[in-house]
Each structure stands twice: as structure tokens, then as C-alpha cells.
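S.K.: Here's the letter readout for the chains.
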Amino acid sequence: MSEKIINNISKQFNNSIEYSKENNCIFVINPDKWLEIATFILNDNDLKFDYLMCITGYDLGESSRFGVAYNFYSTSLKHYIEIRVEIDEDIEISSIANLWNAANWHERETFDLYGIKFSNHPDMKRILLPEDWEGHPLRKDYKTPDYYNGMPVPKDKSYWE
Amino acid sequence: MTSIVDTIYNLISYIDIDTNILLLFAIIIPGLVIFVLMALNVMLAVYFERKVAAFMQDRLGPMEVGIFGFKGGKKFWGGIGQIFADTIKLLTKEDIMPAGADKVLMLISPFIIVMGALLTFIGIPFTDGLIVSNFNIGILYIIAMSSVGVIGVILAGWSSNNKWSLYGAMRSAAQIISYEIPIGLTLLLIVIVCGSLQVSEIVAWQAENRWFILHSPFSFIAFFIYFISVVAETNRTPFDIPEAESELVAGWMTEFSGFKWSIFFMSEYANMLIVSLVASFVFLGGWLSPLTIFNIFPESWLLFDGFYWGVFWLFSKAIFLIFVMMWFRWTFPRLRVDQLMYTCWKVFIPFSLANLFLITLWELVL
Amino acid sequence: MKQYFIDIYDTVKSMMSGMSLTLHHLRNKKDLVATLQYPNEKWPKPDRNIGFEHNEYNVIRSRLHVDIDDCIGCLQCERACPVDCIKIDTIKPPKDSDFDCGKTSHDTQKKMIVPRFSIDMSECMYCNLCVYPCPEECIFMVGGPNEPKHDIDYEYSKYVKHDLVFEFSNVSDEEIIDIGGQSYLDKRNEVSDKMKKGYDLDGVLPGESDDVSDSEETKKTSHVDPGFVVFKTVSDKMSRGIAKKAYTYGRRNSMDMVAISKYVEEAINAYNKMNPEIEEAIKAIVEFKYPEENDSNESQINKSDIDRKKSSSKPATEGLFDIKKLNEIQNKMIRGSLKKIYMAGKRASKESNEVVNEMFEFLNSENKISDDISNLLSSLKSQEDSLEIKEVSSSKDIVSNEKESLFDIKKLNDVEDRMIRGSLKKVYMLGKRNNLSSQEIIDDMITQLTDVDKINDEIVEFLKGLA
Amino acid sequence: MFKVIDKSIISADEMVLNMGPQHPSTHGVLRLKIITDGEIVSKVEPVIGYLHRCFEKHCENLSYEQIVPFTDRCDYLASMHMSHSYSMAVEKLLDVELPERVEYIRVIIAELQRIASHLIAVGAFGLDVGAITPFTWTLRDRERILDLFELLCGARLLYNYVWPGGVSHDLPSKFVERTKEFLDYFEPQIDEYNQLLTTNKIFIERSADVGVLPLNVGVNFGVTGPSLRASGTNFDLRKDEPYSVYSKFDFDVPVGEGLMGTVGDCWDRYYVRVLEMKESVKIIRQAFEGLPSGDVHEVLPKKIRPRKGEAYSRYESARGDVGFYIRSDGKNTPTRLKMRSPAYCNLSVLDEISSGWMISDVITILGSLDIVLGEIDR
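Protein chains in written order, with numbering that gives the first Met the number 0: chain A, 0 to 160; chain B, 0 to 365; chain C, 0 to 466; chain D, 0 to 377.
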């Protein structure tokens with residue numbers, strides 16, 4: 000099954016796929032072509048990835064700094080794929096919220112916690128943290144602020160030490 | 000024996016002061032008695048309700064507070080002292096007035112509601128002849144006075160400056176006004192049959208003939224329409240959409256606390272008592288003993304009748320109906336606001352109109 | 000139209016069936032009621048026999064308890080805790096010293112002492128993760144399979160959050176000093192001082208809580224060597240530490256005061272840390288009387304006073320002798336079982352005499368009694384903690400002397416104007432914190448009042464009356 | 000004397016209604032910004048994050064064993080599912096093969112937990128439409144399951160029972176017996192709920208045909224679990240991607256059939272849960288029959304240091320498809336741990352299916368989606 004998926008995708012987008020680990024169905028994909036590939040895997044009759052399970056942002060701390068992992072599943076054909084898009088800090092990823100509505104909140108969360116921007120997202124704002132929070136906490140270089148809205152952020156237990 | 004006011008006036012007329020002042024006394028005394036009765040009613044009814052709810056839900060209800068160390072184990076009166084604890088708690092609670100509220104309206108709205116309940120008691124008998132004032136338009140007066148409360152509800156909802164309260168008030172207004180119609184139409188049945196609006200006449204007619212609920216199939220149906228409508232009118236489940244604690248927090252009572260809220264509470268339970276009493280003397284023979292329905296009991300049993308037994312029978316019937324209301328509450332889910340209107344306009348009103356027509360025929364034919 | 004009547008029929012029918020069900024529950028309430036009247040009835044404790052050797056495992060979640068005598072200070076539980084609610088400090092004895100840290104009940108030789116083992120139960124999330132790695136099985140959740148070790152205790156609510164920090168260590172300050180942990184002790188005292196200052200600001204005026212803090216202070220100082228009081232005036236940390244070390248050395252070798260002062264001076268000079276404060280302090284040592292040389296009269300007077308205080312404020316276990324004294328017994332078996340009796344007695348807060356009697360009974364029943372042991376035990380029986388009491392009395396004198404210099408803040412309550420009273424109290428507090436005398440504070444008050452134009456003759460007279 | 004009245008004050012515009020964060024039936028600290036026109040709702044915007052506890056950030060500083068109690072606290076109504084799901088992800092990274100007894104125990108526990116969670120869902124849904132009595136009855140029965148869990152691991156709500164590589168304790172000796180007793184007691188209780196609530200006409204009126212979730216919309220929004228199955232699909236990871244030993248058991252996946260109204264309405268979402276409880280009972284009975292013996296600590300790693308790499312585990316919890324995405328770089332703490340919470344996706348569909356209904360119906364729909372805020376906000 001996985002071979003078929005790989006063949007299907009690489010036939011179409013040979014240049015955009017950086018490498019693929021066959022056993023886990025993991026693809027790493029060029030961010031430029033991401034929207035096309037997404038449209039393809041949603042609509043292609045042999046793939047039909049209609050269910051977007053999860054979007055995970057991660058911080059590599061290297062040259063291509065951030066990565067976003069998309070986990071797809073097909074409820075009709077029962078197969079699974081993971082696609083990763085790895086980007087530099089300032090590059091935007093095209094949003095797939097118009098293809099899978101589930102991506103809407105997941106992308107907002109990724110933006111909230113990592114600061115990864117998604118272009119053409121219908122409603123790009125913070126979701127878990129307050130609107131006026133500064134910084135993106137899951138980045139590896141994030142430092143806890145001393146103050147939030149003038150309130151000191153407690154860092155240790157004063158009665159403990 | 001005409002009315003309490005007259006009796007009291009006669010009793011104290013030997014005192015040598017201005018007759019107007021005497022009349023005032025004669026009016027104030029029953030008023031105070033009724034107020035105390037209402038307060039007692041709410042205390043007991045709340046306890047009753049909590050216990051009924053608890054047992055229906057496989058719980059025990061209030062158990063901790065006994066009187067003088069008396070606790071009844073897992074019995075019904077287990078936490079009887081809770082009555083006083085609740086009262087003291089409610090009366091000593093902080094009275095919160097929201098900053099944006101209309102303070103004057105918010106202050107008077109509980110009193111308007113409780114006034115409606117108090118005034119209704121004037122036309123309600125407690126037994127043969129024990130009535131504050133025996134109007135010749137008793138039923139009409141009761142219907143009119145029991146819908147005064149809706150003014151207070153709307154004022155309370157509006158003055159709280161809270162969207163939830165406003166929703167509750169609007170729903171309540173629509174609901175109470177709608178359900179006035181089937182109530183009026185069903186009460187009209189007995190007026191047609193016995194030809195009088197006076198309460199004592201109605202019961203006298205039932206004593207002569209039979210309980211009105213057993214009079215004809217139409218009056219039987221009318222009783223249920225009346226009863227379900229008054230459940231709606233007193234804002235109780237399954238028609239408690241104005242309060243709807245899972246939707247509107249507490250509806251129009253959201254912003255009230257302490258004494259004001261306890262007055263709302265008092266009027267709610269007073270209304271329950273009123274509608275149950277009305278149902279008892281209109282449909283269930285008032286202060287007549289149920290043992291006289293069919294003439295199967297020996298003559299000696301008729302001893303359980305008379306002035307004092309009348310109080311007992313009337314209140315037994317009313318308390319049973321209150322229990323049924325509680326039973327409803329702890330069994331059913333709540334209707335939506337449009338379904339509530341549907342029930343009223345498309346079920347109850349057609350049925351009661353048909354009833355009205357058919358009972359007229361029934362009376363003409365038989 | 001047909002549907003209309005069917006709907007009505009369905010509604011009535013389903014409502015009736017629901018009502019019959021609730022009525023059934025109402026009528027059979029005795030069989031169906033599920034509530035438990037909590038304080039009167041409690042859940043039956045389920046049998047916790049879990050199929051295999053359950054002694055190793057802990058299948059109850061309640062308060063954490065530590066058998067501190069078994070703790071070897073390996074820090075495994077501290078590391079396992081996901082919320083950092085366990086805090087352990089350890090001190091290793093110096094290599095050449097012959098300090099005996101004792102043995103655990105598993106007969107493991109302890110290599111360090113644990114002067115601090117605190118668990119913050121307000122933070123604990125009862126995940127049980129600290130229990131598994133413990134090699135000596137000394138940290139556990141009480142109850143369940145640990146019922147023999149400690150009774151179940153899941154109702155331990157407290158009024159103050161700090162009270163939920165449970166301290167398990169029973170190492171005394173003297174032992175820490177013995178083992179060379181002076182620097183650790185200094186640090187700890189410093190932190191606790193700081194914290195105490197923090198508590199004092201907890202919205203309680205010191206004037207109102209004078210009595211409380213007084214007794215607390217006496218309690219605190221009762222453990223500390225009075226000689227240290229002198230060095231508290233020294234502000235430089237480094238030199239204070241050196242001086243204290245030298246002082247303790249002198250005390251331990253039972254030098255007299257003059258010798259000690261000379262020794263301290265030498266030590267300070269060796270580090271080139273001499274400054275006027277130290278000089279004064281050293282002079283003070285010489286003038287400072289040994290607690291033993293105090294007037295016996297004075298201590299007699301204070302004794303009854305303190306006894307009363309002790310009985311009210313201290314738990315009775317303080318009256319128990321030290322468990323280390325049992326280490327003199329040679330036979331391992333006997334020592335172990337005596338220690339067990341000791342611990343049981345301690346938990347039940349018994350007196351020394353009772354515990355010793357129990358020990359005798361045990362030994363008689365086992366036929367293991369020997370002269371050595373009986374001598375030792377009877378010596379324990381008659382022991383008195385007279386030394387401690389004298390120390391307390393002397394330190395209390397110092398404290399009360401300091402306090403007398405200031406008038407009581409309650410006197411200010413006679414002032415009628417609220418505004419003035421408030422500002423006067425503020426000035427008072429400020430002065431108290433800066434250790435000003437009564438006269439100085441009153442002067443400050445008068446200037447303060449003149450500044451805000453609230454001064455009048457009555458107040459001035461009143462204030463002067465205070466001094 | 001007379002003011003010129005601003006037209007905008009009295010014009011019949013839409014009104015913004017704030018439901019929550021403190022509201023009796025938002026199931027936690029959820030805030031719904033409801034735009035209404037009278038009673039009719041035109042838009043619902045869920046505002047979440049009031050219970051955000053930095054779970055993912057926290058996990059990056061904790062070792063793999065220490066994370067387990069925190070996963071319990073994500074979905075506090077189905078803690079066993081969360082720790083089971085997390086353990087599966089870690090086991091994928093560790094490449095361990097679990098003893099069969101562990102898998103059987105995990106299945107038994109998971110299904111008991113599913114019953115407990117669905118009992119809350121069913122009862123709370125009744126509470127949302129105004130029926131209070133069913134809630135206390137379901138809580139009464141859930142209490143018995145909690146008793147079983149207390150017997151098992153000492154804790155009643157947050158268990159820390161399922162560990163990567165095993166479970167913390169073997170089954171207690173009386174556990175099997177008492178669980179069977181409970182199952183015998185429990186099955187007739189379901190009929191009582193049905194009599195009191197499910198078939199009640201008022202309840203049907205309130206929930207049938209309300210908030211219909213079409214299947215394609217549900218899949219597109221990532222709705223999973225009973226909420227999706229009510230829309231007429233039998234998508235269940237226990238069947239489709241059998242993990243643990245689910246492939247050995249014979250059970251049905253209840254699917255919404257639209258018995259009282261349309262397929263995928265609130266009544267279906269409610270009823271699928273009731274049916275699932277019955278199926279869980281079936282699974283537990285089968286699991287007890289085939290329960291093998293063995294040591295539950297056989298492959299429990301002393302110290303968890305997984306290989307460098309990633310793992311994504313999928314698990315059918317009481318609320319839907321739980322996913323744990325773990326990136327490890329060989330240390331004893333994960334570099335990234337992401338939890339795909341089912342209720343998070345289920346809640347995102349609320350606006351889609353509740354606009355056009357009344358305020359009361361928003362409550363009903365929210366109750367039928369069965370969200371747990373601890374899991375949404377993490």
C-alpha cells in the first residue's frame with residue numbers, strides 16, 4: 000500500500016519531494032509546492048486523504064529552522080501518510096484550511112506556539128494563549144517573560160526555598 | 000360565616016375607636032397571617048422538594064442539620080433543621096446590586112411579584128367560610144391577580160442589565176401570558192356548569208352533585224390541561240425555560256441575591272400553593288372529604304367532614320398536587336421555547352376550546 | 000392530523016413511564032440510595048491483595064510519609080518527582096572523621112546525614128512515582144499495604160498553606176555542626192530568617208502579635224548556642240562564619256571564655272578579616288557569662304514559667320531521649336528491637352520512662368537482659384534536660400531586654416482621630432524596624448504630624464506621656 | 000426634555016452574547032461568543048485557552064516516565080485512555096513487544112474507562128437539556144467503576160496506571176470477580192436510562208433533528224469518535240487499525256441510524272454512546288475469558304531512552320482519535336510532544352452545525368459533542 004502512495008505522489012511531484020522514508024510513509028516536501036500536493040492527495044482517487052489528523056509544528060534549531068508535520072488518513076481507503084514541510088524562519092507555508100477545515104484550528108495553534116505563519120489562512124490569530132501574549136513559547140529559544148501585563152510571572156515557590 | 004375580614008371586624012368592633020381604623024386592623028391581621036403562611040410554605044416546600052429530589056435521584060438530601068441534635072437517620076426528616084439553616088443563610092446573604100443596574104426597578108420588582116401572590120390569597124378559601132373576602136367574582140379575581148407577577152418578572156429582567164436576565168424575562172412574559180389563556184378557558188368550564196364565579200358557590204355545587212373532575216369526560220381532560228398549564232405558569236420543569244439553569248444561568252433571577260432573591264423564591268412557592276389550592280377547590284371538591292365521593296363508606300365516616308377537617312382535606316389535596324409538580328420536575332427534561340409555545344397554542348388552546356363547546360352541549364343534553 | 004394525536008399519545012405514554020420509574024426510586028429509596036454520609040460512614044477499604052508480592056508496591060494514594068531513620072539520602076525520589084515537591088539536603092561527614100550516620104532497618108550503612116527532607120503536600124499530585132525507586136522503601140504513601148508502618152491519613156487539611164510542607168528530618172543543629180556542616184546551617188538560618196521576615200509582614204502588626212512572636216523566639220533560640228547571639232551583630236558574612244567556627248571549636252574543647260576569645264581573634268587575623276564589629280563582638284564574648292555560671296535563683300524563677308510554656312507549646316516527644324544513645328549497645332538484634340520500641344513510643348508520644356519500661360519488659364520476656372544494657376537504660380530513665388532550660392532562660396532575658404526599650408503600640412489606640420492614629424502607627428512600625436528608641440520615635444511622630452498639619456496640644460502631651 | 004434617539008440603539012440588530020467562561024453548561028471554562036438575533040443563533044465562536052496548562056512545553060522538560068501523570072490530567076474523564084495512548088507512542092519509539100497479559104489488562108481498563116466516560120457524557124447531556132435525575136444515576140454507576148479503579152491502583156480519577164512498557168500493577172486478586180459483578184449490575188441500568196431519558200418524548204423533541212452533522216463535513220473537520228460515528232460511518236480505530244489486542248474480540252461498532260430523526264443529529268450522538276457502553280461490556284467479558292497469565296513488568300524498561308526518531312500513535316478514546324506525536328533525539332526527555340486531542344477538533348465543528356438553531360440548541364449540541372476542556376486546552 001505504502002509503495003503505491005509513494006509512487007503516486009512522486010510521479011506527480013518528483014522535484015518537490017526531498018526524501019522519503021518508505022516504511023513509515025513519511026515525506027519531506029518543498030514548501031513551494033505544498034498547496035498543489037495537498038490538493039492532489041485530497042482529490043486523487045487512489046489516495047483520497049480526506050481526514051487530516053494532526054498538524055505538529057517543531058523547532059529544529061538548525062538551518063531550516065521549523066518543521067510542520069501533517070498526518071493524513073483516508074477513511075475510505077484506510078491508509079496513512081505523514082508529510083513534513085521544513086522551512087526557514089521567515090518563510091510562510093500556504094494554508095490548507097480551505098481544503099481541510101480541521102487544519103484551521105491546528106494551524107492557528109501552530110502559529111500560536113511556534114510563530115510559523117500560514118498564508119491565506121481565513122482567521123490567523125492566537126488560539127490557546129491570550130491575544131496580547133508576547134513570543135511563541137514552544138520555540139527552543141523562548142525565555143519566560145518577567146512580566147505579563149504588569150503582573151510578575153512567578154518563577155519559583157517563595158515559601159519553599 | 001362570610002369572610003375573615005367581616006369576622007374579625009365583628010370581633011373587635013366593641014373597641015371604641017374610629018371604625019376606619021378598626022377596618023384597617025381587620026384587613027392587616029389576615030394579611031400578616033397570609034404572609035406568615037407563605038413564609039412557612041416556602042420553608043417547608045423547599046425541604047420537601049429537596050427530599051423528593053434526593054430520593055428520586057438515589058441520594059439522601061439534606062442530612063446534616065438536625066433540631067436539638069435530633070436526626071432521623073436516613074429517614075425523610077433526616078435534616079429537618081435545614082429549614083432554619085436555609086432561611087438564616089438566605090436572609091443574611093449579601094445583597095449585591097450590579098453597577099449598571101436600574102436600582103429603583105431592581106428594588107421594587109421582587110415586591111411586585113410577591114404582591115401578586117399575596118393579593119391572590121384574598122380570594123382563596125382555606126375551608127368552608129374561611130376566606131379573606133368572599134367575592135362574587137372570585138375566580139375572575141384569582142386569574143387576574145395571578146398574572147400580576149409577570150410585570151415584576153419583566154422589570155427584574157430588564158433592570159438587571161444582563162443579557163441572560165433579559166432573555167429569561169422575555170421568555171417568561173411570553174410564556175405566562177400564553178398560558179393564561181388555557182387556564183382561563185378551563186376555569187370557564189365550571190363557571191358554565193355551576194353558573195357562578197363565587198368560590199363558595201362552586202364548592203357548594205360540588206357538594207351537592209359530585210367533584211367537578213368526575214362530572215364529565217370534558218372536565219376530566221380540563222383538569223389535566225389546567226394542571227399542566229399552571230405548571231408552566233409557575234415556571235417549573237418541564238416548562239422552566241425562563242430560569243433554565245443550564246442555558247440562562249438563572250434567567251431573570253441571575254443578578255438577584257440575598258433577601259430579594261429569597262422573596263422571588265417565596266413567591267414561586269406561594270404561586271405553587273395558590274394554583275394547587277385553586278385546582279383543589281375547582282376540580283377536586285375543595286374542602287369536601289374524598290370519602291364522600293361514592294356512597295360506599297359507612298355513615299360514621301362522614302364525621303371526617305366539617306370546618307377543621309375541611310382545612311385538612313383542602314391542604315392534603317394541594318400538597319399532593321405540589322408533590323406531582325415536584326415529581327414532574329425531577330423526571331422530565333426541559334422544553335425549548337418554541338415547543339413550549341407549540342404546546343400551548345396548538346394543543347392546549349384547541350383542546351380547551353373544544354372542551355368548552357362540548358361541555359355546553361353536555362349540559363344542554365343531560 | 001393523525002400524527003398530531005399519535006404525538007400526544009406518545010408524549011403522555013413516555014412521560015407516564017418515566018414518572019413510574021422515578022416513583023419506583025422514590026418508594027424503594029432504602030435499597031437504592033447510593034450516598035455515603037461521609038464523616039459518619041466511610042468507604043469500605045478495598046482488599047488490596049494484588050496477586051503477587053505486593054509488599055514492594057504501593058497501591059494507595061494518600062499522604063506521603065518518610066521513615067527518616069531508613070533514608071540514606073540517595074535523592075532518587077527527589078529526581079523522580081514530576082512536580083518537584085520533594086526537597087532533600089544531605090551532608091557527608093569529612094573523610095577522616097569517625098562520625099557514625101547509623102544504619103537503616105535493611106542494615107545498609109548510611110554514608111551521610113539528611114538535615115532536610117521536606118515534602119510539600121500542597122504540590123504533590125499523588126502519582127506515586129517517588130515510591131518505586133526508593134532502595135530502602137522508606138518513602139511511601141500511608142495506609143494500604145503500609146498500614147503496619149503508618150496509619151492511613153488522607154484527611155490532613157490545614158489552615159495555612161505552609162503547614163502542608165511536611166519536614167521529616169530529625170537531625171539536630173548540633174549534629175550538623177559536629178559533622179562540619181556549619182556553612183550549611185548558616186545558610187539555612189539565613190533563609191529562615193528571611194522567610195520569617197516575610198511572614199511577619201503577613202498583615203499582622205507586630206504590636207498585636209507580640210506575645211506570639213515572643214514565645215516563638217524563645218523556642219527558636221532554645222536550640223541555638225547563646226554564644227552565637229553575640230556574633231549576630233557582625234555584618235560581614237565571611238568573618239562571621241570564621242568567628243563562629245572558631246567559637247564552636249573552643250566550646251567543644253571546653254575552653255574558658257578568655258581562651259576562646261583569643262582563639263577567635265587569632266583565627267580572624269589569619270584571614271585578615273579584622274574589623275571593629277568583630278573586635279566588639281570578641282570583647283562581648285569575654286564579658287558574656289557562661290549559661291552554667293548564671294545565677295541559680297534566676298533560672299529557678301524562670302523554670303516554672305518555661306515548664307508551663309514547654310508543656311503547652313512543645314509536643315511531649317521532645318521529652319524523649321535521643322535514639323543515638325541506644326547505639327552503645329553491642330548486640331545488633333537487641334539494638335534493632337529496642338529501636339523499634341523507641342520509634343513506636345515516639346509515634347505514640349510517650350515519655351522516656353514509659354518507653355524504657357517497655358524496653359525492660361521486652362528484654363525480660365526475651366531473656367536477653369544483661370548488666371550493661373540495664374545500666375544504660377536506667378541512666379536514660381533518670382535523665383533530665385536541665386541544660387536546655389537554662390539556655391532558654393538566658394536567651395529569653397536578652398530578648399526581653401530589647402523589647403522593653405519600646406512602648407506598646409496598643410497605647411496608640413487611645414488616639415481618637417483615625418487618620419492620625421494610622422499615620423502614628425506607621426511611624427511606629429518604621430521606627431521599630433530601624434531599632435529606634437521610644438523618644439526618637441515620638442519625635443518622629445511629632446514632626447510627621449506637623450508636616451500634615453494635624454498637630455494639636457493634646458496629642459503632643461499624649462505622646463510625651465508615652466515616653 | 001426630549002432626546003433625539005439614536006437609531007442604532009433601538010434597531011433590531013444582532014446581539015453578541017457571551018456564554019462562559021463561567022457558565023453551568025459549557026463543561027468547563029469554555030467561552031462561546033454567540034451572535035444572536037433574538038433566540039436564533041447566527042454564529043458561534045468558541046474561545047478556548049482558559050485552561051491552558053502548557054502541557055506540551057512542560058513535557059519537553061520531563062522524562063518519559065514523569066509525563067504519564069500529566070497525560071492523565073489532559074482528559075480527566077478518561078485518564079486511562081490518555082496514558083495508554085501516550086504509552087503506545089513511546090513503545091513505538093522503544094520498539095518493545097508487550098506481554099499479552101499487559102495488553103489484555105489494558106483493554107479491560109480502557110473499556111471500563113470508556114463506560115465511565117460515556118456515563119458522564121450521557122448524564123451531562125441529560126443535564127444540558129434539563130433532566131437532572133439521569134445525571135445522578137449515571138454518576139452513581141460511574142462511582143462503582145471508580146471503586147474498581149481504586150482497587151486496581153489506589154487512585155480514583157488520575158491513575159498513573161498505564162506505563163510505557165507495561166502497567167504499574169498486576170490485577171488485584173478480587174478485581175476480575177468484582178468487575179463481573181459490576182457488569183451484571185450495570186447492563187440493566189442502561190435500560191433504566193433509556194426508559195427515563197432516551198425514549199422520553201420531550202428529550203426526543205429536544206435532541207432529534209437538532210444540530211445535524213453530515214458525514215463529509217464531520218470528516219473534513221476532523222471530528223472523530225462517537226460524534227462522527229453518529230453521522231453514519233463505522234470509522235473506529237479499534238476495528239480499522241486494530242491496536243493492542245482488539246482484533247481478537249468480537250464487537251460491533253454502533254452507528255447512528257437516525258431512529259428518531261435525521262442521521263447525525265444530537266439524539267444519534269447521544270444514543271451511539273449508550274450503545275457503545277453495551278459493546279464495551281461485551282469486550283470486557285470476552286477479555287476476561289481470554290486473560291492470559293504472565294508478568295506485567297516483563298518488558299518494563301528501567302530507564303526510558305528511546306531511539307532518535309519520531310512516532311505517531313493513534314488511539315480510539317472515549318471522545319475520539321487521540322494522537323501522540325513524539326520527536327525524540329535520544330535523550331531521556333522528548334524534544335517535541337504534540338497531542339492531537341479529539342475534543343479540540345470536535346469543538347471546531349460547533350459553529351458549522353449550530354448556526355440557525357436556538358440558544359437552547361447550542362447547549363444541546365455542545366453537550367452532544369461531549370467535550371472535555373482539559374483536553375482541548377492542554
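These aren't lab readings, by the way, just hints derived from the structure by calculation. The structure displayed is predicted, hence computed values, not measured ones. Take the hints with a grain of salt, since some may be wrong.
Straight-line distance between alpha carbons at most 20 Å, and here's what the computed SDA-like set of lysine to any residue pairs gives [unchecked claim]:
1. LYS91/D x GLY149/A
2. LYS77/A x VAL216/D
3. LYS301/D x LYS29/C
4. LYS29/C x ARG139/D
5. LYS94/C x ILE175/C
6. LYS47/A x GLY231/D
7. LYS301/D x LYS94/C
8. LYS29/C x GLU142/D
Over the 10 Å line for every Cβ pair with chain C, so calculated as not near, a few chain B residues [claimed, not checked]:
9. THR86
10. ALA100
11. MET114
12. ILE150
13. SER215
14. ALA249
15. SER256
16. LEU290
17. PHE331
Note that beta-carbon positions come from the ideal geometry of N, C-alpha and C, so glycine has one too.
S.K.: Does each hint fit the structure? Answer for all of them.
M.R.: How the hints compare with the structure:
{"no.": "1", "hint": "LYS91/D x GLY149/A", "verdict": "45 Å, violated"}
{"no.": "2", "hint": "LYS77/A x VAL216/D", "verdict": "18 Å, holds"}
{"no.": "3", "hint": "LYS301/D x LYS29/C", "verdict": "51 Å, violated"}
{"no.": "4", "hint": "LYS29/C x ARG139/D", "verdict": "15 Å, holds"}
{"no.": "5", "hint": "LYS94/C x ILE175/C", "verdict": "15 Å, holds"}
{"no.": "6", "hint": "LYS47/A x GLY231/D", "verdict": "19 Å, holds"}
{"no.": "7", "hint": "LYS301/D x LYS94/C", "verdict": "33 Å, violated"}
{"no.": "8", "hint": "LYS29/C x GLU142/D", "verdict": "18 Å, holds"}
{"no.": "9", "hint": "THR86", "verdict": "23 Å, holds"}
{"no.": "10", "hint": "ALA100", "verdict": "32 Å, holds"}
{"no.": "11", "hint": "MET114", "verdict": "34 Å, holds"}
{"no.": "12", "hint": "ILE150", "verdict": "32 Å, holds"}
{"no.": "13", "hint": "SER215", "verdict": "20 Å, holds"}
{"no.": "14", "hint": "ALA249", "verdict": "24 Å, holds"}
{"no.": "15", "hint": "SER256", "verdict": "28 Å, holds"}
{"no.": "16", "hint": "LEU290", "verdict": "24 Å, holds"}
{"no.": "17", "hint": "PHE331", "verdict": "7 Å, violated"}
Comparing the model with each numbered hint stated earlier shows that hints 1, 3, 7 and 17 do not hold.
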